[in-house]
Amino acid sequence: MTLLLVDLLGVMVFAVSGALAALRKEMDLLGVLVIAAVTALGGGTVRDLLLDRHPVIWVTEPLYIYAALGAAILTVVYTRFRKAPDSALSIADALGLGFFVISGARITLELGYGGVIVVLMGTTTGVVGGVIRDILSARVPLILRKGELYATTAIAGVTFYLVLLGLGVAEGVAAGVGMATVVGLRLVAIIWKVGLPVIPLRR
Amino acid sequence: MTLLLVDLLGVMVFAVSGALAALRKEMDLLGVLVIAAVTALGGGTVRDLLLDRHPVIWVTEPLYIYAALGAAILTVVYTRFRKAPDSALSIADALGLGFFVISGARITLELGYGGVIVVLMGTTTGVVGGVIRDILSARVPLILRKGELYATTAIAGVTFYLVLLGLGVAEGVAAGVGMATVVGLRLVAIIWKVGLPVIPLRR
Amino acid sequence: MTLLLVDLLGVMVFAVSGALAALRKEMDLLGVLVIAAVTALGGGTVRDLLLDRHPVIWVTEPLYIYAALGAAILTVVYTRFRKAPDSALSIADALGLGFFVISGARITLELGYGGVIVVLMGTTTGVVGGVIRDILSARVPLILRKGELYATTAIAGVTFYLVLLGLGVAEGVAAGVGMATVVGLRLVAIIWKVGLPVIPLRR
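Chains as they are written, first to last, in our numbering: chain V, 1 to 203; chain E, 1 to 203; chain P, 1 to 203.
Just chain V, same shape as in the assembly (with noise of 0.2 Å):
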């Protein structure tokens, strides 16, 4: 699978996400666009500044607006006329964190850098998009929540595809494995509400 091709998937299934958030707030038409689009852009325009990887890639390449305006607009039509199931925005939210997870780690890579940045780059790439999306549309942001391994799949994923990668694995099998274990293992979190054990903190 190209990078292109990922990415591009990663951002309509953001999108998608972004736009079901924004529906169940009872956003107007261009509220819904708005934030489908930060949700669909957000971690790259993100990762990107980090790493002074100018133009941003929306910038140069206004096929990726497109492309989430348009998966916006389809979630729109869409919900006139059926009811999204309960769990589409959890779905949509896995396999774009899957997609982004990895396609961020993959630019990084190419930019030269190693292991922690990798990482980190991958993870940014992956949640802030959701992070803005759940500011601005006032819910509680996933990554935080108790028991969701938000955080905690995107470094499972990218740092089990560097591990593959160290190994030798072609780097293609690679990143579908890393974006697999993402996906993977939030929606095992999801369903089964699997989680990390939480602190307490002595009082």
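Since the list gives no way to pick one copy over another, a pair counts as held whenever it fits inside one copy or between any two copies.
Once the Cα atoms are required to be at most 25 Å apart in a straight line, the calculated SDA-like pairs of lysine to any residue come out as:
| id | residue 1 | residue 2 |
| --- | --- | --- |
| 1 | Lys-25 | Ala-156 |
| 2 | Lys-25 | Ile-190 |
| 3 | Lys-25 | Gly-70 |
| 4 | Lys-25 | Ile-155 |
Everything labelled a hint here was simulated from the structure, so no lab data went into it.
For chain V, the structure is supplied; the task is to place chains E and P on it using the hints.
Using the frame of chain V, we list chains E and P on its own:
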């Protein structure tokens, strides 16, 4: 009207809106100045970061900072002696939006970008300061409230400005009409509570 | 004291304050690390982005990341065995503010900027990490609470530091006095609940 003047007017009215929001939250004097400055300078700063336009505008031109602080101090002094009308915050915000949206669009055009990017950067310049103001002072961002036509007016104003330029209208005239479009639509939305339709989500 | 050491101390105490805030919200282990890292690295990151100082500090120098994570892990371990005093968060925050405000001011001076920009960047370095921590953990940002003298102490500390430099005082001494000013004023504000006057808004 020159670009600098329009931009400084935007800075001052947004600083007034930030100061009024902070005073309503009973912040102390310096909190008021901080919120006023962030509201006034936030949109242009984010635009400059996204476009890699360095140094950021108020770093080269501290006049921006003094204009924001001066307007905030005048607002504090004024509200000691006179009651600010309930609508003062909304009106200052509408004017700031009009000035900033068009000045952001002009700056982006001058850098050689086209259509979609100009609309997005004009909108970003206009709305981001207010979003930060609302998040910091713990209000639901204006841009997301129902029936506010907020981003809509920004997008409409920039689009109208670009269409007029495309038709060969003089730049100053196009800019003036664009600003009037933004401010006029915002005031109509505020006064008559006009808004875009909300799409009901099937449940 | 060298710049690096002061900066790393700032990173560590802010990481402690972030970890304590996250533990109070009963986040899971990785949520605690994420909030600690964002609190510790957020202010310097935003300063570097605003000043176009690339690569961002922790991208070149991963020691910053390890310092933040190490301090967070120690905090987690400590709170398993001992109750952290109620005031621990405030004190860690005050120390971090003092270290970061002066290190941010120094870095900005070294880049050749003067007065107002140095004050603003010192303040930004000091307060932004804490603001992000508070927004992410859904607390009203400390900087905006009444009677906290938060940004005020930062501005006073940098101003004092600049005045001492102007009077020909050795840089290390001026930096030490600037830091002591910030930390001292914050502790006074916390202990005696001293604050700037709130301007009542006429209604």
